[in-house]
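Trainee: The chain contents come next:
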Amino acid sequence: EVQLVESGGGLVQPGGSLRLSCAASGFTFSSYSMSWVRQAPGKGLEWLSYISRSSSTIYYADSVEGRFTISRDNAKNSLYLQMNSLRDDDTAVYYCARDETSWGSYRYWGQGALVTVSP
Amino acid sequence: QSALTQPASVSGSPGQSITISCTGTSSDVGSYDLVSWYQQHPGKAPKLMIYEVSKRPSGVSNRFSGSKSGNTASLTISGLQTEDEADYYCCSYAGSRTVVFGGGTKLTVL
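Chains P and R, in that order, are what the protein sequence lines are. The first sequence begins at 9 in the working numbering and counts up one residue at a time. The second sequence begins at 12 in the working numbering and counts up one residue at a time.
By construction, these hints were calculated from the structure, which means they are not laboratory data. C-beta atoms are modelled at their ideal positions from N, C-alpha and C, and glycine is treated no differently. Worth double-checking, as some hints may not be accurate.
[What the hints assert, rightly or not] Some chain P residues judged to face chain R by a derived CB distance under 10 Å, without partners named:
#1 10
#2 12
#3 15
#4 16
#5 18
#6 40
#7 52
#8 53
#9 70
#10 99
#11 103
#12 109
#13 110
#14 113
#15 115
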C-alpha cells in the first residue's frame, strides 16, 4: 500500500524557518518525481514545488521561490521542504504528493502537515 | 501563475447530473491536455478523479467524466449521490514546468 506521511509541522514566528519531511513507503520512491502542495485555511490548493527522481530538476511557484527549498533522499525514501523567511500567508496544510506520468496528476497524497506562522 | 476560475458552488439533487467548469487561458488549459480534477472531503487529502482531461484512475466511478473545449475544462458528475458532496478542484499544467489549481467548487447534494 502506498503511504506518504508528512511530519515537521507546527507553530513558527514570522521570519522563522521550518523543515517538513515526507516519508514514503509501499512503492519504489526513487522511481517517482514528487511535489509539495499547500492549502491555506478555508482556501484552495496551491502547487509549490516539484523535484525529479534524481533531484536533477527542481521547480518552484513564484510565491515560494527563493524562500523554500525542496530536496529528497532516495536512500531514506524521504522528501523534504525547507521553509525559510516564513510569512503569515504561509500558514497552511502542506501536502506531499506523488507525481504520476503527467503534470498535475497526483494519485497519492500525504495526510498533510499544518504549519502556522504567527507571532 | 493565476488560479483557474471555477464557480464557488454548484448544487444538485440525488440522481441528477451536474457540471463544474474550469476556465483558464491559452497558456494553461487551452494549450495542454493536462487537466486533472480532484475531490476533497472536509479534513481529508484531495483524491484524483480525472487526469489528462478525461481519463479516470482505476477505482473511480464512471459517473465522473471530464472534457475540454478551448480554455475551459469541465467535470460532469452523473447520477449524483450524497457521498459526492465535497469540494472539487481543477488543475492544469501551465507551462514552464509549473502547475496551477482552480479556486475550488463546493458541491452540495440537496
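Trainee: Hint by hint, note whether the structure agrees.
Mentor: Against the structure, the hints come out as follows:
no.	hint	result
1	10	violated (12 Å)
2	12	holds (9 Å)
3	15	violated (15 Å)
4	16	violated (17 Å)
5	18	violated (19 Å)
6	40	violated (14 Å)
7	52	holds (4 Å)
8	53	holds (4 Å)
9	70	holds (6 Å)
10	99	violated (17 Å)
11	103	holds (6 Å)
12	109	holds (9 Å)
13	110	holds (5 Å)
14	113	holds (4 Å)
15	115	holds (5 Å)
The structure is inconsistent with the numbered hints 1, 3, 4, 5, 6 and 10, although it conforms to all the rest.
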